[in-house]
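Undergrad: In case you want the letters, here they are:
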Amino acid sequence: MKILEKLSAYNIELPPVPKAAGLYKTVLVQDRIAYFSGHLPIRKDGTLITGKVNLDLTLKEAVLAARQVGLNILASLQYELGDLERIEKLVKLLGMVNAESDFTDHPTVMNGCSQLFLDIFGNESGVGVRSVYGVSGLPLNATVEVEGAFFLKK
Amino acid sequence: MKILEKLSAYNIELPPVPKAAGLYKTVLVQDRIAYFSGHLPIRKDGTLITGKVNLDLTLKEAVLAARQVGLNILASLQYELGDLERIEKLVKLLGMVNAESDFTDHPTVMNGCSQLFLDIFGNESGVGVRSVYGVSGLPLNATVEVEGAFFLKK
Amino acid sequence: MKILEKLSAYNIELPPVPKAAGLYKTVLVQDRIAYFSGHLPIRKDGTLITGKVNLDLTLKEAVLAARQVGLNILASLQYELGDLERIEKLVKLLGMVNAESDFTDHPTVMNGCSQLFLDIFGNESGVGVRSVYGVSGLPLNATVEVEGAFFLKK
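Going line by line, the protein sequences match chains A, B and C. Position one of the first sequence corresponds to residue 1 (my numbering), numbered consecutively onward. Position one of the second sequence corresponds to residue 1001 (my numbering), numbered consecutively onward. Position one of the third sequence corresponds to residue 2001 (my numbering), numbered consecutively onward.
If you're looking for bench data, these hints aren't it; they were derived computationally from the structure. Quick caveat: nothing in here was measured; it's all calculated off a predicted structure. Treat each hint with caution, since some may be false.
The following label-pair restraints were derived from C-beta to C-beta distances [as the list claims (entries may be wrong)]:
#1 C:K2154 / B:K1153: 16 to 26 Å
#2 A:L55 / B:D1031: 15 to 25 Å
#3 C:K2019 / B:K1153: 43 to 53 Å
#4 C:N2123 / A:V17: 40 to 50 Å
#5 B:G1082 / A:D83: 32 to 42 Å
#6 C:G2022 / A:E5: 50 to 60 Å
Keeping only pairs whose Cα atoms sit at most 16 Å apart, straight-line, the calculated EDC-like set for lysine to aspartate or glutamate is [what the hints assert, rightly or not]:
#7 C:K2153 / A:D31
#8 B:K1153 / C:D2031
#9 A:K89 / B:D1083
#10 C:K2153 / C:D2056
#11 A:K25 / C:E2124
#12 C:K2154 / A:E124
#13 B:K1154 / B:D1056
#14 B:K1153 / B:E1080
#15 C:K2006 / C:E2085
#16 A:K154 / B:E1080
#17 C:K2025 / B:E1124
#18 B:K1154 / C:D2031
#19 B:K1025 / A:E124
Idealized CB from N, CA, C, for every residue including glycine.
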């Protein structure tokens, strides 16, 4: 199944393409690697999912925030690559969770993003290496930020 | 000297191979680069070294935690690559230390991991670029997390 | 215009080459990618810009700290590459800002570094992907740390 068909099958509509704040690119392709900038959980209506896990929002809401970051990453990639079919596989994800010092379930939050890529790209192509940790703060008080890299087809 | 002989000479026994939590790979090889996920300081008996430096454990204990992360990375690489001799050199390490906002000696903690790789791979191959910083929290309250990449022989 | 001429035109004098603390390299080149370690805002006189944004120093001072990190990165690259003209373009930057949990303007801080690279390398070569976030602490209580990678000419 094509990726756009999968998105449709999962009833997923990509959010608007995130705008780069000017001094960076959202995606940079070099030698078959598509590096993408730290993306935030922007909703379809342009608003941002903000706040710290377990303080301002629940774990479940934070998981959805991480998934929303993934959707923004897909929107950026589709725009910059022209076609998501150019992606061969996920290489790596680095996830930052906005959380106080007593929060320890960052992997569950990050799974919101990882599960999306697994669903869309499948077992062979949607699973890469990953790191996730808690940070003292994120731009605009976003709940999650994810950056990483995909490998492209020849 | 072969790497396994060095491990033996240093009296190092690798811990059990860390299990990936399912939505990521511990190691991904692409074009001679072996990317590895954020690893945690899991002891040989399967328990995790937890807590914040200078609060729950001493600096010296945190250095040993970082070294333990390094051993877990080696265990993953040996399992995924089949043979640690395939490694040509370390490329980069990214280290996250679980610490409160008044802690400033993250490099000393990280040296526990860096020194291990220097001992095992030598001056030519065991020293790459590195970043280290304090985070508000880590998965399962681990003391240190390290991710990075090695370059493989042809 | 050559990069050294641009530095001169902007009246920029590079700080002394930062010393690696021994267990890592400041720069590592592999296959046309120059990876650089996390750099700190060391002034020309060798002292470090320290403290947390909005607590120990102002936002404006933190922006200058990020710019100072960029100058240290350039000093390392010039030393390790021999010639900054070998750089084809910036690939990526990862920025860590030393800040309490209520700070949310990490992008403005990071722009201090990004603007420098844009000025020196231009629109085509000085803009890569980027991530930035707040951390609970940095080595030696530095205000900003930046690591990343440049792509080199053939």
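Undergrad: All hints, please: hold or fail.
TA: Against the structure, the hints:
1. Roughly 23 Å separates the CB atoms of K2154 of chain C and K1153 of chain B, a value that falls within the hinted 16 to 26 Å.
2. For L55 of chain A paired with D1031 of chain B, a C-beta distance near 42 Å fails the hint of 15 to 25 Å.
3. For K2019 of chain C paired with K1153 of chain B, a C-beta distance near 30 Å fails the hint of 43 to 53 Å.
4. Between N2123 of chain C and V17 of chain A, the C-beta spacing of about 20 Å breaks the proposed range 40 to 50 Å.
5. Restraint check, G1082 of chain B to D83 of chain A: a C-beta distance of roughly 36 Å satisfies the suggested window 32 to 42 Å.
6. For the pair G2022 of chain C and E5 of chain A, the beta carbons lie near 54 Å from each other, so the given range of 50 to 60 Å is met.
7. The hinted pair formed by K2153 of chain C and D31 of chain A meets the criterion: a straight-line CA distance of about 13 Å does not exceed 16 Å.
8. A C-alpha spacing of about 13 Å is found between K1153 of chain B and D2031 of chain C, which places the hinted pair at or below 16 Å, so the restraint holds.
9. Pair hint K89 of chain A plus D1083 of chain B does not hold up; C-alpha atoms about 25 Å apart against a cutoff of 16 Å.
10. About 41 Å separates the Cα atoms of K2153 of chain C and D2056 of chain C, which puts this hinted pair outside 16 Å; it is violated.
11. This hinted pair checks out: K25 of chain A and E2124 of chain C have alpha carbons roughly 11 Å apart, not beyond 16 Å.
12. This hinted pair does not check out: K2154 of chain C and E124 of chain A have alpha carbons roughly 33 Å apart, beyond 16 Å.
13. Only pairs whose Cα atoms come within 16 Å are accepted, and K1154 of chain B paired with D1056 of chain B is rejected, the gap being roughly 44 Å.
14. For a cut-off of 16 Å, the pair hint linking K1153 of chain B to E1080 of chain B stands: about 15 Å separates their Cα positions.
15. Under the criterion of a C-alpha separation no larger than 16 Å, the hint pairing K2006 of chain C with E2085 of chain C is consistent with the structure, at around 12 Å.
16. Using a Cα cut-off of 16 Å, the hinted pair K154 of chain A and E1080 of chain B is violated, with the two alpha carbons roughly 25 Å apart.
17. Between K2025 of chain C and E1124 of chain B the CA atoms are separated by roughly 11 Å; this keeps the pair inside 16 Å, and the hint holds.
18. About 13 Å separates the Cα atoms of K1154 of chain B and D2031 of chain C, which keeps this hinted pair within 16 Å; it holds.
19. Of the pairs offered as hints, the one joining K1025 of chain B and E124 of chain A holds, with about 11 Å between alpha carbons and a cut-off of 16 Å not exceeded.
Of the numbered hints given earlier, the model fails hints 2, 3, 4, 9, 10, 12, 13, 16; all others are met.
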